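A.B. asks: One line per chain: the protein sequences are A and B, in this order. The working numbering applies: residue 590 is where the first sequence begins, and numbers increase by one. The working numbering applies: residue 215 is where the second sequence begins, and numbers increase by one.
Treat the hints as calculated values from the structure; they're not laboratory data. Keep in mind that a hint or two might mislead.
[What the hints assert, rightly or not] With the Cβ distance kept under 8 Å, some of the chain B side facing chain A (calculated, not the full set):
#1 Pro321
#2 Arg325
#3 Ile329
#4 Lys335
#5 Leu337
#6 Glu351
#7 Val352
#8 Thr353
#9 Gly354
#10 Pro356
#11 Ile360
#12 His400
[To be verified] Cβ pair distances, simulated, as ranges:
#13 A:Tyr829 - B:Thr374: 53 to 61 Å
#14 A:Ala761 - B:Pro338: 25 to 33 Å
#15 A:Val624 - B:Ser301: 45 to 53 Å
#16 A:Tyr829 - B:Asp308: 56 to 64 Å
#17 A:Leu830 - B:Leu299: 53 to 61 Å
#18 A:Ala609 - B:Ile462: 47 to 55 Å
#19 B:Thr374 - A:Met590: 31 to 39 Å
#20 B:Asp415 - A:Arg878: 35 to 43 Å
#21 A:Arg599 - B:Leu299: 33 to 41 Å
[Claimed, not checked] Now the stretches of chain A that chain B is said to cover, found in silico as 3 or more residues with beta-carbon under 8 Å:
#22 591-600
#23 794-807
This one's a predicted model, so the numbers in the text were calculated from it and none came from an experiment. Ideal Cβ positions, reconstructed from N, Cα and C, are used throughout, including at glycine.
Below, each chain spelled out in residue letters.
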Amino acid sequence: MIGFVAFSIRRAWQGFWRNALMSLAATATMVLMLVLLAGFWIIQTGLLSALDFTEQKVEVVANIDLDATPADIAGLEARIRAMPEVTGVTFVSKDEALARFQASMKAQGREDLTKYLDTNPLTASEEVKLKDPGFSKTVADALRKEPAVRNVLDTKDTAQNVKTVTDILRTAGTVILVVIGVIVLFIIVNTIRLAVFARSEEIEIMRLVGASDAFIRWPFVFEGAMVGLFGAAITLTGLYLLSEPIASFMVDFFRVLPLSFGSLANQLILIVTAAGLGLGILGSWVSVRTYLIR
Amino acid sequence: MTITSTPTAASPRSVRERLLRRGREQAQADRAVLVLHDVTKTYPNGKTALQDVDLVIPEGDFVFLVGPSGAGKSTLIKLLIRDELASHGQVVLDGQDLARLPRRAVPKVRRKIGIVFQDFKLLPTKSVWENVAFALEVTGTPRRKIRPAVDRVLALVGLTAQREQVPSQLSGGEQQRTAIARALVHDPRLIIADEPTGNLDPLISWEIIQLLLRINELGVTVMMATHDADVVTALRKRVVALEEGRVIRDEVGGAYHRVD
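With the sequences and hints as input, model every part of the structure.
C.D. replies: Below, the structure is given as C-alpha cells:
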C-alpha cells in the first residue's frame, strides 16, 4: 500500500514535469479560472456587505411632540424597544438635532442659516433601527398611534425599493457564481483531458501489461491534484500581493470594513484551495475513466 | 495435435461420433492455454467481426494466425485480453472463462499474456531497461524483484549491452526485442505477436522469428499474426487462417496460402 502510494506520487511528479508544457498549460488555465472565481467571490462579498450596510440605513424616524415630558419619552422608548421588529432605538434631543443639521450644512459647504434664529426650530426624535427593511410599514403605523409622536418620517417607499434591489442583486450574484463554477469545471476537465490524452500511449501500454485500474488512475489523480494545488498557490500569492489595492478598492467601492476583509481572506484561501484541489482531482478522475476496464 | 474448426453447419454425424469428438476436444481443452468455443463478436454498430470461431491452442504450441486485413485478427486479440467481450460463445484463457471474470481480476489475466506489436509501443523517454521494468512497476511488483527479472529477460533477448539506451538510439530489430522482453517479463503463458515483423526488413524479421521460436522452445505458447508468407511457409508450423471473421483453415505444417 505504501509502495503503491509512493509509486503514484512519483509517477505523478514525473508525469507533471515530463510533459511540462501541457502541465503548465493546465496550471495556467487553473490559475485563470481560480482568479475568476476569487474575483467574483470578492465582488459578491463586497456587494453583500454593501447591501447589508444599505439595509441598516433604513430606519423609521419619529419626531416627538414639543410638549412631551421626559417621562412620556422614556415610556415611548421602552414601548419601541419592546417591538419584535426593532433592533435598536436612538434618542436624538433638540440640541443634537441642531448640531447635526449645522454639521451637515457645513459639510455641504452651505451657509449656516440657523445662526439667525433665536430658538431651536428642530424637534427631538427617536431613530428606530429595523431588523429588516420590510418591517418599516408596521413600525411606522404603530408609532403614528403614539400620543407623544408628532409625526413619522415614513421611508416606506425607499425601504421597499432598497429591498427589491438587494434581493435581485443577491440572487443574480449567486446565479453568476454558480454559472462561473460550472464553466470553470468544464474548462478544467477539458484541459486535463488533453493532458491525459497526450499520454494515452502510456496508459495503453499499462493496460496491456496488466496494470490494475488503481495503478492507471491514481498517478493521474495525484497529477491533477498537483495542478490544482499549484494553481491555487499561484492564485493566492497573486491575491496576497494585490491585497492592498483590493482592500482599498473594496473600502472605496463597497464601504466594507477592514474587519470583514480579514474573514474574506480566510474564505478565499479555503475556497481557492478547495476549488483547485477539487477541480484537479475531479478533472483527472473523469478524464482517465475512458481508459479503464469496461 | 490436429485441432478441428467446425462451422456450425449441420453435418450428418451420429450422436455418438459427436460425443466422442467433444470428449477429445475436452481432453485437449483441459491442457490448453486458450480455448475459443463457438465465439461470435458483433460490434454495437452491427458489424460482425468474428463468427462461430472454434480454436484450441495447447500449451507450448506455436501458431501462425493469417488472413487479410479486416479478417478479424485484431478483434480476436482484443477478446483475448478482454478488451472486448464475445457477443456469443466462450473465451477460456488458462482455464478461466473471460466472460465470467470480475472486473478486478482482468489485470491479473492480462499478465498471463504478453503482447508484441508491429509498432513496438515503447515509451520514447525511457531506456530499454526502464521500458521493461515499467511492466512490472505498474503491476505493483516489489522493487527488489524487478531488477533480477528485467536483467534475466534482457539477457534472453540479447539486449544487456543496450540497457541504458532509449528507443530512438536503437535499430528496429532491437526495439522489437525490447518489446518482446517486456512481454516476457511477467512470465506469461501466452505470447501474442501482432505482425511483429511488419516494420522490419527481411533479415531482421528472421532474427525476430528466431527469437520467438527460441522463446517457444522454452515452453511459452506463441501466437503470431502475420502477413509474411515466406516465414509461414518456410517454418511449417500450425496455421490458422481467418477470413471474414471465420476460421477457414487450421492445419499443422501449413503454408501461408492454401495448397490445393
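A.B. asks: Are there three or more residues in the stretch 794-807 of chain A whose C-beta lies within less than 8 Å of some C-beta in chain B?
C.D. replies: n = 11 at 8 Å, threshold three: holds.
A.B. asks: Grab the minimum C-beta distance from isoleucine 360 of chain B to chain A and call the hint holds if it beats 8 Å, violated otherwise.
C.D. replies: Violated, because the Cβ-Cβ distance from isoleucine 360 of chain B to chain A comes to roughly 11 Å (cut-off 8 Å).
A.B. asks: If you take the shortest Cβ to Cβ gap from lysine 335 of chain B to chain A, is it below 8 Å?
C.D. replies: holds (6 Å)
A.B. asks: Verify the CB-CB distance for alanine 761 of chain A and proline 338 of chain B against the hinted window 25 to 33 Å.
C.D. replies: violated (52 Å)
A.B. asks: A range of 53 to 61 Å was offered for this pair. Does it hold for the Cβ distance of leucine 830 of chain A and leucine 299 of chain B?
C.D. replies: At 56 Å between Cβs, range holds.
A.B. asks: Given that the stretch 591-600 of chain A was listed as covered by chain B, double-check it with a C-beta distance under 8 Å for 3 or more residues.
C.D. replies: It holds: at least three residues are needed, and the stretch 591-600 of chain A offers 3 whose Cβ sits within less than 8 Å of chain B.
A.B. asks: Should the hint that alanine 609 of chain A and isoleucine 462 of chain B are 47 to 55 Å apart at their CB atoms be regarded as holding?
C.D. replies: holds (52 Å)
A.B. asks: How about proline 321 of chain B: closest beta carbon in chain A under 8 Å, or not?
C.D. replies: Given a least distance of 4 Å, the restraint on proline 321 of chain B holds.
A.B. asks: Quick check on a hinted range of 45 to 53 Å for valine 624 of chain A and serine 301 of chain B, using CB atoms only.
C.D. replies: Taking Cβ atoms as reference, valine 624 of chain A and serine 301 of chain B lie about 51 Å apart, which means the hint holds.
A.B. asks: Given proline 356 of chain B was flagged as interface, is its beta-carbon under 8 Å from a beta-carbon of chain A?
C.D. replies: holds (7 Å)
A.B. asks: Is the gap between the beta carbons of tyrosine 829 of chain A and aspartate 308 of chain B within 56 to 64 Å?
C.D. replies: Since the Cβ atoms of tyrosine 829 of chain A and aspartate 308 of chain B sit about 60 Å apart, the hinted range of 56 to 64 Å holds.
A.B. asks: May I ask you to test the interface hint for histidine 400 of chain B with respect to chain A, counting a Cβ-Cβ separation under 8 Å as satisfied?
C.D. replies: Nearest chain A Cβ about 7 Å off; hint holds.
Violation of the numbered hints given earlier is confined to hints 11, 14; the remaining hints are satisfied by the structure.
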